[in-house]
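Build the complex from these two chains, which are given one at a time in their own frames, with help from the hints.
Take a look at the letters that make up each chain.
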Amino acid sequence: MGLKHPFVKISGLRHGAVCALWLASAVHSSAAETGLIARPAPDFALPAAAGNNVRLSEYRGQPVVLSFWSSRCSLCAAQLTALDRYYGTYRSSGLVVLAVSVEDDPQRAVDYARSHATSFPLLLDQTKLVSRAYGIERLPTTVLIDRSGIVRYLHSDDRAGDPSYVAQIRALLDDTLGAP
Amino acid sequence: MNSFLSKQFPMNTMSRRLLRTLWPLIVVPLTVPALAAGAAAAPSAAGSAAPSSAAAAASSAAAAPVAPAADATGTTRSLDEGIQNLKKDVVDLNKDLFVLEEELLFPANTQVAVFVSMDVGDFFALDSITLKVDNHDVSNYLYTPREVAALLKGGVQRLYVGNLKSGDHELVAFFKGKGPHERYYQRAASIHFEKGVGAKYLELKITDHERAQQPEFEIKDWE
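The listed protein sequences derive, respectively, from chains H and B.
Under our numbering, the first residue of the first sequence carries the number 1, and numbering increases by one thereafter.
Under our numbering, the first residue of the second sequence carries the number 1, and numbering increases by one thereafter.
Extracted from the complex, chain B is given alone in its bound form (with noise of 0.2 Å):
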């Protein structure tokens, strides 16, 4: 299968895993009404082996009868079974795609992602977020309860990944909700931080002060 394919398709790698992902997808069209017209000839008689693909159980039943029910069986197992690798290779597929678009619109030497994080909040519920880099705004990110929940649950969300060209940069959040006493409440937080060649993560933290009875907001730098 491999030298056919590469053969007939002179392709890059991916190309040819995706071809070889998909290349069931057009085989089982193919010998599946062949099969059905094979068990369709074969009378009732003896049993035999499920057969192992579909090619060869449409070989099978042409050349020999065989009992139409255990047939149909069989293959309906195999053609599962060839259901169920196929959903996995393409869940792979899906993953390896997803990981070389990352690498190409973000890549580490100009990578910043910012995450947030959230503990206890009972002095402040979350209704949005807005981010400024370098006075541009980059987000604004409205939280729905079912959000904040998860994020009390100990959740961590990547609400930003852009590209910042190395050297020094300033990144503002504003935080908005309720604060304590049900009050409308809205704080800022800032850190001044270098880009060099790796890729930059920042938290913004929000915890409670509970001497202060007040939210804490806070942006960490992971180095």
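Next up, chain H with everything else stripped away, as it sits in the complex (with noise of 0.2 Å):
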């Protein structure tokens, strides 16, 4: 009985710990999540669907649009289409626009890019090293970058169909200012 009551504090402490260390972690995530707008974007290099690599440093001076998707995640099917139509639109004036697969599966993501034969390249990010940098927590996030490099908006959400995205990337398009 004696040995019980100090084991019992102890183990108070522990559950004190580990909901203090989740509460910790919660709130570094989506700290993570905020924390990316207005800081440069992390750089990366990803195989594409198609055969080659992409990096998006290659991209500097062009506003970027980073969509994560996975082929189980119903909205990211009505997103993807969405860029796409936004990209076949803007592609003139220097938009480019990454998909960013976190399939476990890369050949689930494979075979979805061929049968949604999409404008812009689709992503294989196997190791999740990238969707790591950027904080995904849920899918569709999207993610909008600027001419310099900057990261201007995060969604984590199906916002394709709002007028203020059209906005967003039009914002981005027009900022000349954000060149290197």
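Take these hints with a grain of salt, some might be off.
To be verified - With beta-carbon atoms standing in for the labels, derived distance ranges:
1) B:K88 / H:L75: 50 to 56 Å
2) H:D157 / B:A199: 48 to 54 Å
3) H:R85 / B:P107: 52 to 58 Å
4) H:T81 / B:S166: 57 to 63 Å
5) B:V156 / H:D43: 16 to 22 Å
6) B:S166 / H:S115: 52 to 58 Å
7) B:Y184 / H:D105: 16 to 22 Å
8) H:D157 / B:E194: 53 to 59 Å
9) B:R146 / H:S93: 17 to 23 Å
10) H:R85 / B:N109: 56 to 62 Å
11) H:D175 / B:A69: 28 to 34 Å
12) B:S166 / H:S119: 52 to 58 Å
13) H:T118 / B:P107: 33 to 39 Å
The set of hints was computed from the structure by calculation and includes no laboratory data.
Only a predicted model underlies this, so the values are computations on that prediction, with no experimental measurement involved.
In this text, a Cβ means the ideal position worked out from N, Cα and C, and glycines have one as well.
Okay, structure coming up:
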């Protein structure tokens, strides 16, 4: 009995510590998501489903829409279709769209890419290093990067049909001051 | 200026140089409003020579009335020159800081650098290179078509720079890409080298072997 009290105390302390850690990690993850805004977008190089490799920093000077998706996510399909439409409209103005697959099985992403022919590159993040660097917690997530490589907007929902989404893309295209 | 800085801020050379470079950034915003106020107060009158500095311009504008247009042009020109000088100083300072950072992070007695070069490339389309030093992964680099084109034009890329203690080491490089007949191609090359007291430079060379119709991978040790 005498031994039980200290154990209970320690157990209580453990629970407290676990709760504190969980709270800290929750705060940290949300901070990581919002912390990307107004900061340089983490650079990466990923293989594309088409075969070649794509490096983000090679598009410096052009606004980039980065969309994280998965074939299991139903909203992602609608998001990619909308992005394909915007890409068709604003491609000539310099807009770049990159879709990053966070699929566990790369073959599924390749099959999806073949069945849904998009005009922009579909990239495969097999190691999940890129999605971790961008703090992706839900799908679809879209990151809008300006001409100087700074993250300007981050959306963790399906906003492709929202008029404000187009307004943000146009704002990035109009912002020539952001060019390096 | 220097004596004032050294008296007010006892610092090392780099900090003092930084402050000296950024000094106009502090002075210009203070003098420009005064200049603008002086120009606004002065009505149109006989012109005078453009002042050489912003502070001199402020005092002359306040003392003697000058033509606002000529004065503004002169001030803009001197400000442009000041900004150009400032940009040059910042570039020089950045270069010094880069060299200093390299010396601090990778001292010559432990530095190992690996470079990549490519020649011809008819039999091999480079996709990625993985580097292992003493059986530890140190680099995994994916090449984009633009980077491969730059290598084929004669560019040399510093793939890896790190620190190793003196003694014997092994470097293994895995080259992945498309080989002859568009087939997936993976080859490895390795080298045992001795790290001495100086910096060690190694070069990964990708060349074409015309007779064998195959790519060749070689690691060269630059003494």
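Status of each hint after checking the structure:
1. For K88 (chain B) and L75 (chain H), the Cβ-Cβ distance of about 51 Å falls inside the hinted range of 50 to 56 Å, so the restraint holds.
2. Checked against the given bound of 48 to 54 Å, the beta carbons of D157 (chain H) and A199 (chain B), roughly 51 Å apart, stay inside it.
3. Between R85 (chain H) and P107 (chain B) the Cβ separation comes to about 55 Å, which falls inside the hinted range of 52 to 58 Å.
4. Checked against the hint of 57 to 63 Å, the pair T81 (chain H) and S166 (chain B) passes, with Cβ atoms roughly 59 Å apart.
5. For V156 (chain B) and D43 (chain H), the hinted distance range of 16 to 22 Å is satisfied, since their beta carbons lie about 21 Å from each other.
6. For the pair S166 (chain B) and S115 (chain H), the beta carbons lie near 57 Å from each other, so the given range of 52 to 58 Å is met.
7. Under the hint 16 to 22 Å, the C-beta atoms of Y184 (chain B) and D105 (chain H), about 19 Å apart, fit the expected range.
8. Distance hint check for D157 (chain H) and E194 (chain B): the Cβ-Cβ separation is about 58 Å, which falls inside the suggested range of 53 to 59 Å.
9. At about 21 Å, the beta-carbon gap between R146 (chain B) and S93 (chain H) stays in the expected band of 17 to 23 Å.
10. Checked against the hint of 56 to 62 Å, the pair R85 (chain H) and N109 (chain B) passes, with Cβ atoms roughly 58 Å apart.
11. With their beta carbons about 33 Å apart, D175 (chain H) and A69 (chain B) fall inside the hinted range of 28 to 34 Å.
12. For S166 (chain B) and S119 (chain H), the hinted distance range of 52 to 58 Å is satisfied, since their beta carbons lie about 54 Å from each other.
13. In this structure, T118 (chain H) and P107 (chain B) break the distance hint of 33 to 39 Å, their C-beta atoms being roughly 49 Å apart.
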